[in-house]
Amino acid sequence: MASRVGSAGLFSISAPFGFLSLAFWANRMQTLYYLLYLPSVLAEPVMIGLILLAAGCSHLNILMIARCFAWKETPGGYLGIVRTLGSAVSFLFLLAGLFAVLMKGIVLMMGYVDIVHHILFPALHATLFGILLLCACVYLARLGMEKTVRFAIVAFVGTIWVTFLYVPFAFPPAAEYRHLLPLLPEHMPKGDWQTFLTIWAAFSGPEYMLALPKEAVDAKKLKTALISANAFTAFEYIFFFVICLTFYGSDYLQRQDLPIVDLIRYIQLPFAERLEMILIPAYAISVVYVVAILLLYAAGAIQCLARSRLSEGRAPFWLAFLMMLLLTWMAGRWIWPDEWKAKEWITWLSWLDASTYTVLPFGFFLLGWITIRRKWRVRHAGGSS
Amino acid sequence: MPAARHKPLLLLLALLVLGGCSFVDKTNTIEEISPVVLLYLDEGNDGSVKLSTIIPPLKKEKKSVITTSSNTLIEGRYLRNLKYYRETKGGQIRMIFFSEAMANRGLTSLLDTLLRDPEISSRVFLSVVRGDMIGYLNRQMQSGQEEIDLYLYKMFAHYEKQGQLTTSNVHEFLARVYNPYADPVLPYYAVANNELRYSGTALFRGDKMVGKIPLSDDVFFQMLREKRGVQKTVPLSEADVVLGSIKTERQIHFTDSFRNVHIDVMLKGRVEEVPAGQKTDSPRELQEFERKLERRIQEKLEKIIDRTQALRVDPFGLGMHTVGWKERPFTREQWNQRWPDMDVTIHVSLKLEHTGMLDSHADRR
Chain A
26 MASRVGSAGL FSISAPFGFL SLAFWANRMQ TLYYLLYLPS VLAEPVMIGL ILLAAGCSHL
86 NILMIARCFA WKETPGGYLG IVRTLGSAVS FLFLLAGLFA VLMKGIVLMM GYVDIVHHIL
146 FPALHATLFG ILLLCACVYL ARLGMEKTVR FAIVAFVGTI WVTFLYVPFA FPPAAEYRHL
206 LPLLPEHMPK GDWQTFLTIW AAFSGPEYML ALPKEAVDAK KLKTALISAN AFTAFEYIFF
266 FVICLTFYGS DYLQRQDLPI VDLIRYIQLP FAERLEMILI PAYAISVVYV VAILLLYAAG
326 AIQCLARSRL SEGRAPFWLA FLMMLLLTWM AGRWIWPDEW KAKEWITWLS WLDASTYTVL
386 PFGFFLLGWI TIRRKWRVRH AGGSS
Chain B
585 MPAARHKPLL LLLALLVLGG CSFVDKTNTI EEISPVVLLY LDEGNDGSVK LSTIIPPLKK
645 EKKSVITTSS NTLIEGRYLR NLKYYRETKG GQIRMIFFSE AMANRGLTSL LDTLLRDPEI
705 SSRVFLSVVR GDMIGYLNRQ MQSGQEEIDL YLYKMFAHYE KQGQLTTSNV HEFLARVYNP
765 YADPVLPYYA VANNELRYSG TALFRGDKMV GKIPLSDDVF FQMLREKRGV QKTVPLSEAD
825 VVLGSIKTER QIHFTDSFRN VHIDVMLKGR VEEVPAGQKT DSPRELQEFE RKLERRIQEK
885 LEKIIDRTQA LRVDPFGLGM HTVGWKERPF TREQWNQRWP DMDVTIHVSL KLEHTGMLDS
945 HADRR
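As they're listed, the protein sequences go chains A and B.
Quick note, the first sequence lines up with residues 26 to 410 if you use our numbering.
Quick note, the second sequence lines up with residues 585 to 949 if you use our numbering.
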């Protein structure tokens with residue numbers, strides 16, 4: 026993404042992002058969709074260990090991401106990529122990135138739309154709702170990268186209160202703690218690598234920060250923000266998983282599509298029922314936030330891809346919006362009406378997220394390290410001659 | 585951004601929202617729908633499902649029970665809508681009664697069908713009923729108890745809150761059906777003399793009813809079912825004694841080989857009624873009295889355990905206590921085989937409180 030600190034463009038940033046913006050951004054990116062269905066994928070109590078393992082691996086990735094921003098010798102953002110990879114490879118990289126952000130945005134949005142359609146408004150046309158949601162994303166994203174990223178605080182505060190509604194499920198009689206046993210694995214179950222893939226994908230999201238210009242982040246602040254976000258994400262996953270497991274039991278939990286949503290439907294207060302009517306719309310704030318960021322990333326990729334043909338004004342942004350609009354319509358027409366196809370796309374999203382979170386932090390760290398080593402050699406060779 | 589620049593966006597949103605009406609493929613106009621509160625499912629003569637409900641609920645019109653007979657639940661709902669001028673909706677279903685024949689047939693497929701409707705909550709109360717339920721509902725409405733569905737719901741909610749009788753909802757039932765180490769239970773009601781009365785607990789193996797605990801033993805069944813509880817009245821008719829406000833606590837221990845299970849039931853409470861001439865003047869007499877009652881309660885509990893073992897059901901979830909930190913010693917099938925042959929040792933300890941009151945009354949006698 027182009028770095029033009031202080032200018033008035035879509036990606037201009039007047040001051041580095043604060044700790045809260047960065048931490049909440051990372052946390053919302055990580056938990057947005059996976060939180061809803063992860064418990065039914067995990068199902069077995071031993072998976073608590075696997076969540077902790079994934080959180081530990083994610084911590085290593087975060088250290089690599091923070092390191093990339095700490096190196097003064099390597100240029101960050103788009104320029105850094107071009108200088109390191111060369112323009113041809115950068116072109117392919119950006120093309121793949123555009124595909125990835127569009128796909129992630131569409132699957133997240135349509136996944137959420139599907140929940141709304143299934144539980145809240147079965148009478149409403151799902152595609153129409155998807156398009157309305159996209160309009161809300163555009164409304165936010167048009168304010169530019171800086172304001173959109175800072176919206177993380179609103180997105181976090183607007184959704185985190187929901188967690189408190191689940192606290193009564195942590196205690197008997199709703200919770201049967203014996204469902205948490207056995208905590209140690211008896212044997213190596215088959216197909217566990219797929220579960221780990223999903224958990225690993227559930228920690229993805231911070232890698233998108235690698236595209237930020239170096240001026241936009243303070244490396245030290247970024248490191249603490251990402252570490253805090255990662256720890257909180259792990260806590261959220263474990264908290265919701267334990268609650269679902271003690272409430273449903275392992276065998277019943279596997280049969281739930283969206284255990285978190287079904288749990289809230291179980292709450293019956295003397296003055297209110299169907300609390301999902303409040304909870305599910307609250308999630309829209311996070312969905313709009315994450316999709317708006319992805320929309321800006323798509324706009325940035327288009328701008329970089331077509332640098333000579335498109336001005337740096339709003340054209341790439343509206344082009345990204347049109348692409349997303351078209352894809353939303355296509356997904357609503359051909360993919361989401363078929364439950365199996367929708368599930369396939371969600372699986373592909375897991376693959377995509379797991380891949381980006383594995384490759385990007387390590388790849389950027391490696392490239393940075395190679396660049397520094399090269400510079401050091403050149404300097405060393407110059408000094409010795 | 586100047587206000588004029590918002591106009592296209594606002595126009596677009598307005599068009600989408602206003603145009604939204606044309607995309608709606610079904611409506612929920614309040615005048616056109618009729619939410620259902622109670623369902624009664626019975627088996628038809630040809631194996632079909634007889635689906636009955638009270639219409640119109642929550643409206644001040646003359647009420648009646650409407651019944652349809654079909655092979656599937658959804659078909660029954662469809663046929664019901666053909667008989668009635670409003671579309672019945674399931675969003676307000678609070679109770680489902682199953683006839684004994686229906687419960688013997690198995691409930692999972694029926695409940696799965698109901699839960700496919702996102703409007704239906706998993707908090708819906710379930711129960712098994714014996715007798716002419718439709719006749720009971722009709723008679724109640726004819727005798728002026730028009731809001732019988734709401735009355736029954738309040739009764740169920742009260743029982744759930746009190747925690748002394750068996751209550752169960754869709755979630756609790758299905759969670760037990762899918763639990764490898766526990767079997768579900770439902771409250772068992774009977775219609776007799778124009779009354780719907782709690783008559784014990786229906787026992788299920790998987791999702792099929794296989795037996796019941798009669799009302800006379802139900803209070804002792806509750807002592808074994810819950811880890812902690814309170815029973816306001818515990819009648820021991822063989823000893824002419826009624827205990828009251830009894831706090832119960834149950835502990836389960838398996839031997840290392842899982843051949844034996846020890847169930848300790850600790851009871852603490854008051855004596856509400858004693859036979860004339862019962863001596864509790866000295867601590868020794870009181871202790872003897874307590875041991876005598878303990879033996880009576882133990883016999884009752886052993887009878888219940890024997891019954892559940894004979895029916896090969898584990899309504900207490902004892903199997904869950906076999907699972908340790910490191911391993912599950914039994915699979916679902918292994919536990920189902922082991923439980924009926926397991927040696928069960930029950931130990932009851934009773935501690936009577938406020939016995940001074942008992943003595944003073946005994947003195948007067």
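Bear in mind the hints are in silico, worked out from the structure with no lab data behind them.
Ideal Cβ placement from N, Cα and C applies to all residues, glycine included.
Fair warning: there could be bad hints in the mix.
What the hints assert, rightly or not - Partial chain A-side listing against chain B, Cβ under 8 Å, derived: (1) D139; (2) L206; (3) L209; (4) A259; (5) R399.
Stated by the list, open to error - Far from chain A, some chain B residues (derived; all Cβ distances over 10 Å): (6) P619; (7) S653; (8) G715; (9) H755; (10) D848; (11) T929.
Here is how each hint holds up against the structure:
With a least beta-carbon distance of about 12 Å to chain B, the hint placing D139 of chain A at the interface is violated under the 8 Å criterion. Look at L206 of chain A: its Cβ gets to within about 4 Å of chain B, closer than 8 Å, so that hint holds up. For the restraint placing L209 of chain A at the interface with chain B, the shortest Cβ-Cβ distance is roughly 5 Å, inside the 8 Å limit, so the hint holds. Below 8 Å, beta-carbon pairs count as interface contacts, and A259 of chain A has none with chain B, the closest being about 22 Å; its hint is therefore violated.
For the restraint placing R399 of chain A at the interface with chain B, the shortest Cβ-Cβ distance is roughly 46 Å, beyond the 8 Å limit, so the hint is violated. Remark: the non-interface label on P619 of chain B is consistent with the geometry, its nearest Cβ contact in chain A lying 13 Å away (cut-off 10 Å). No beta-carbon of chain A comes within 10 Å of the beta-carbon of S653 of chain B; the shortest separation is about 27 Å. Chain A leaves G715 of chain B outside its interface by the beta-carbon criterion, the shortest separation being 29 Å against a cut-off of 10 Å.
Interface exclusion of H755 of chain B from chain A breaks down, the closest Cβ pair being 6 Å apart, not more than 10 Å. Residue placement check: D848 of chain B keeps its beta carbon more than 10 Å from all beta carbons of chain A (closest about 18 Å). The Cβ of T929 of chain B lies farther than 10 Å from every Cβ of chain A, with a closest approach of about 21 Å, so its non-interface assignment holds.
When each numbered hint is compared with the structure, violations occur for hints 1, 4, 5 and 9.
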